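S.K.: As you go down the protein sequences, you meet chains R and A in turn.
Numbering (the working numbering) for the first sequence: 137 to 504.
Numbering (the working numbering) for the second sequence: 5 to 323.
Don't take every hint at face value.
Covered stretches of chain R (chain A as the covering partner; in silico rule of three or more C-beta atoms under 8 Å from a C-beta of chain A) [said to hold, decoys possible]:
#1 250-260
#2 282-289
#3 294-301
#4 364-378
Pairs of lysine to any residue, SDA-like flavour, derived with a Cα cap of 20 Å [stated by the list, open to error]:
#5 243/A / 496/R
#6 299/R / 285/A
#7 318/A / 285/A
#8 194/A / 299/R
#9 299/R / 243/A
#10 243/A / 498/R
Because the hints were derived from the structure by calculation, they are not lab data.
Only a predicted model underlies this, so the values are computations on that prediction, with no experimental measurement involved.
Positions of the beta carbon are idealized from the N, C-alpha and C atoms, including for glycine.
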Amino acid sequence: MIKDAWTFKPFSAAPIALMDEQGNWVADFPLELPPDFLRGLYRDMLAARLLDEKFVILIRTGKTSFIAPHAGHEAAHVGIAHAMQRGHDWLFPYYRDMGLMVAMGMPFKEIFGQMLGNAADPAKGRQMPSHPGSRALNIFTVCSAIASHIPPAAGAAVSMKLKGTGQVSVCTFGDGATSEGDWYAGLNFAAVQGAPAVFACLNNRYAISVDLSHQTAAHSIADKAHAFGIPGYRVDGMDALASYFVMREVIERARSGHGPALVELEVYRYGPHSSADDDLRYRPKEEVEAAKKRDPIERFRRLLEKQGLWNLEWEERLRADLKARIDRALEEAEAMGEVPALAMFDDVFAEPTWNLIEQRALVQEELR
Amino acid sequence: MIQAINAALDEEMARDARVMVLGEDVGKRGGVFLATEGLQQKYGPDRVMDTPLSEAAIIGAAVGMAAHGMRPVAEIQFADYVFPGFDQLVSQAAKLRYRSGGQFTAPMVVRMPSGGGVRGGHHHSQSPEAHFAHTGGLKTIVVSTPYDTKGLLKSAIRDDDPVIFMEPKRLYRALKEEVPSEEYLIPIGKAAVRREGSDISLISYGGSMIETQKAAEELASVGISAEVIDLRTVMPWDKEAVLNSVAKTGRVLVISEAPRTASIASEVAATIAEELLDQLEAPPLRVTGFDTPYPYAQDKLYMPTVTRILNAAKRALDY
Numbered sequence: 137m138i139k140d141a142w143t144f145k146p147f148s149a150a151p152i153a154l155m156d157e158q159g160n161w162v163a164d165f166p167l168e169l170p171p172d173f174l175r176g177l178y179r180d181m182l183a184a185r186l187l188d189e190k191f192v193i194l195i196r197t198g199k200t201s202f203i204a205p206h207a208g209h210e211a212a213h214v215g216i217a218h219a220m221q222r223g224h225d226w227l228f229p230y231y232r233d234m235g236l237m238v239a240m241g242m243p244f245k246e247i248f249g250q251m252l253g254n255a256a257d258p259a260k261g262r263q264m265p266s267h268p269g270s271r272a273l274n275i276f277t278v279c280s281a282i283a284s285h286i287p288p289a290a291g292a293a294v295s296m297k298l299k300g301t302g303q304v305s306v307c308t309f310g311d312g313a314t315s316e317g318d319w320y321a322g323l324n325f326a327a328v329q330g331a332p333a334v335f336a337c338l339n340n341r342y343a344i345s346v347d348l349s350h351q352t353a354a355h356s357i358a359d360k361a362h363a364f365g366i367p368g369y370r371v372d373g374m375d376a377l378a379s380y381f382v383m384r385e386v387i388e389r390a391r392s393g394h395g396p397a398l399v400e401l402e403v404y405r406y407g408p409h410s411s412a413d414d415d416l417r418y419r420p421k422e423e424v425e426a427a428k429k430r431d432p433i434e435r436f437r438r439l440l441e442k443q444g445l446w447n448l449e450w451e452e453r454l455r456a457d458l459k460a461r462i463d464r465a466l467e468e469a470e471a472m473g474e475v476p477a478l479a480m481f482d483d484v485f486a487e488p489t490w491n492l493i494e495q496r497a498l499v500q501e502e503l504r
Numbered sequence: 005m006i007q008a009i010n011a012a013l014d015e016e017m018a019r020d021a022r023v024m025v026l027g028e029d030v031g032k033r034g035g036v037f038l039a040t041e042g043l044q045q046k047y048g049p050d051r052v053m054d055t056p057l058s059e060a061a062i063i064g065a066a067v068g069m070a071a072h073g074m075r076p077v078a079e080i081q082f083a084d085y086v087f088p089g090f091d092q093l094v095s096q097a098a099k100l101r102y103r104s105g106g107q108f109t110a111p112m113v114v115r116m117p118s119g120g121g122v123r124g125g126h127h128h129s130q131s132p133e134a135h136f137a138h139t140g141g142l143k144t145i146v147v148s149t150p151y152d153t154k155g156l157l158k159s160a161i162r163d164d165d166p167v168i169f170m171e172p173k174r175l176y177r178a179l180k181e182e183v184p185s186e187e188y189l190i191p192i193g194k195a196a197v198r199r200e201g202s203d204i205s206l207i208s209y210g211g212s213m214i215e216t217q218k219a220a221e222e223l224a225s226v227g228i229s230a231e232v233i234d235l236r237t238v239m240p241w242d243k244e245a246v247l248n249s250v251a252k253t254g255r256v257l258v259i260s261e262a263p264r265t266a267s268i269a270s271e272v273a274a275t276i277a278e279e280l281l282d283q284l285e286a287p288p289l290r291v292t293g294f295d296t297p298y299p300y301a302q303d304k305l306y307m308p309t310v311t312r313i314l315n316a317a318k319r320a321l322d323y
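From just these sequences and the hints, can you work out the full model?
M.R.: Here it is in structure tokens:
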């Protein structure tokens, strides 16, 4: 099933990494990516990190009700996004994927609109924060029910195959999702159909407070691919280039008719599960600090520097530019104001039913 | 009714290449009740897709297919087995349009044989329509005649939103009716007046239409004129048709074999009480199944019997 030409071997004992902690390229093939592409990966990771920091300010100032910190996931996010044909392929993300949204090209203003639940949100403030989506970018709207987006990702992939569109359906989720029935149902269905789907687990070792040893007795999440008859890859998800190259390979593999793959990207979330969580109750501070020493952005910065693609002046200019864009986008989003109250009754169906029309009139009367 | 389902699917698949059927045993076997018989031979295994035994996968994949532009018709072998796929219905299908602000939609149909009367025990006899009706974003149809089945299934397939299509399995081969071979559609959300009457309204749907119509005949034999309304769609149900009838008769029974509490029957009765209290000659009464799991040994007794309907009618008429 797997061509000899493929670079990566599934089911490796250790996570696939292509650069070491010092940013040295250690792969057995040359790094032949354009400088602008490499700088672009760094820019998106940095933007994602700055966005995460901004979200903390939003929650502390009461401007939003919920955040799901994504710092630590940036390398996996940019690797996945840049391996896709953005705007052509479909992404089925989960709630901790704001860095992925950035790398997919979602405007900051829309991201803030979703975080604020206001009129800047293309989804009209229907869901809690950290649940983005974009029809324009083929990003399926995030759903809170864990793993429920996985069978739809499989179904979309089957549709792509039947229509011969040349698209790939990429679906992300956390390690906790791999315990859900929907996960098995979705992967099994896609595998049976040989559909162009890639399932990417961002394994940060914690489903809120429940650590991986309570989630699975398997050696790795990637190993579970055996059960579906598809290849499983274990990747150092703190390595942006390993994330990118493995995802690129399995996406192209799916696109060329070789069926789904499961990729486990081992990451670490630096923050708590959410703004409603205290992670010190279940994981030692030292563990978090140790993970921060493996920071994906710093690691990639070292590589860029060794490649002659980074200097302090560029970094400072980049940071200043991103911060200004983020600040401006937040201001613009805030200026959009609230979603009209009666919009609550829109979009239940294509045409409103009589009960919705009656209930809408009730609220309209109340507001008068 | 089975032939009507098959004809509706065949016509819609021929009309629109986006329409496809998926489910367990729908292909070679043609469905356990043979509703999809012959379709795979005609349209191929891609458009009549035998799936893994997984309701979550069937319904969830249909959501993704629909969002990507197909018009999937998913078959759940028995309505009782919808629950492993319930997350996909309530979390994904029902809410996709709403939670995306209209950016994504899931135009799909989920067909399922429902109801009792076939000695199937509680996991082959339930009527779970209230679960769907209680979930904003789903439309739910429960058919009672072959003619309606074809016209409503075709409408459901063309609808831009997810539609639950429930087929009382005891009616599959119990009724014979001329079903036109030419194209016709029956609108979703419109009830049918099965019998005109002036003394009491009998509001029902699905399998219970059999006993309801028998009860109306018995009432007629003793000089009582019962009007019989078949809701056909239980969400959104036809409030106008129901209120018009009850305003005329002043007395009403709502009859359904689903469990009583928090049921479609309860909803219809409550709405009648809210809107027509001054015109009622008696309280709206429900004649329903019971709040127990469906019992195998009392298969026929669980469903509203003609006697139980007549007793309720007597109570309403004597009030």
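S.K.: Decide, hint by hint, whether the structure agrees.
M.R.: Hints versus structure:
1. Look at the stretch 250-260 of chain R against chain A: 4 of its residues bring a Cβ nearer than 8 Å to a Cβ of that chain, three or more, so the hint holds.
2. For the stretch 282-289 of chain R, the stated coverage by chain A holds: 6 residues have a C-beta nearer than 8 Å to a C-beta of that chain, and at least 3 were required.
3. Counting residues of the stretch 294-301 of chain R whose beta carbon lies closer than 8 Å to any beta carbon of chain A gives 5, which reaches the threshold of three, so the coverage claim holds.
4. Counting residues of the stretch 364-378 of chain R whose C-beta lies closer than 8 Å to any C-beta of chain A gives 0; at least three are required, and the coverage claim is violated.
5. With a C-alpha separation of about 17 Å, the suggested pair residue 243/A and residue 496/R falls inside the 20 Å cut-off, and the hint holds.
6. Between the alpha carbons of residue 299/R and residue 285/A the distance comes to roughly 60 Å, so the proposed pair goes past 20 Å and is violated.
7. Annotation: proposed proximity of residue 318/A to residue 285/A holds, straight-line Cα distance about 13 Å (limit 20 Å).
8. A threshold of 20 Å between alpha carbons decides the hint, and for residue 194/A with residue 299/R the separation of about 35 Å lies outside it, so the pair is violated.
9. For the hint linking residue 299/R to residue 243/A, the alpha-carbon distance of about 41 Å lies beyond 20 Å, and the restraint is violated.
10. For the hint pairing residue 243/A with residue 498/R, the CA-to-CA distance comes to about 17 Å; that is within 20 Å, so the pair holds.
Comparing the model with each earlier hint shows violations of hints 4, 6, 8 and 9; every other hint is respected.
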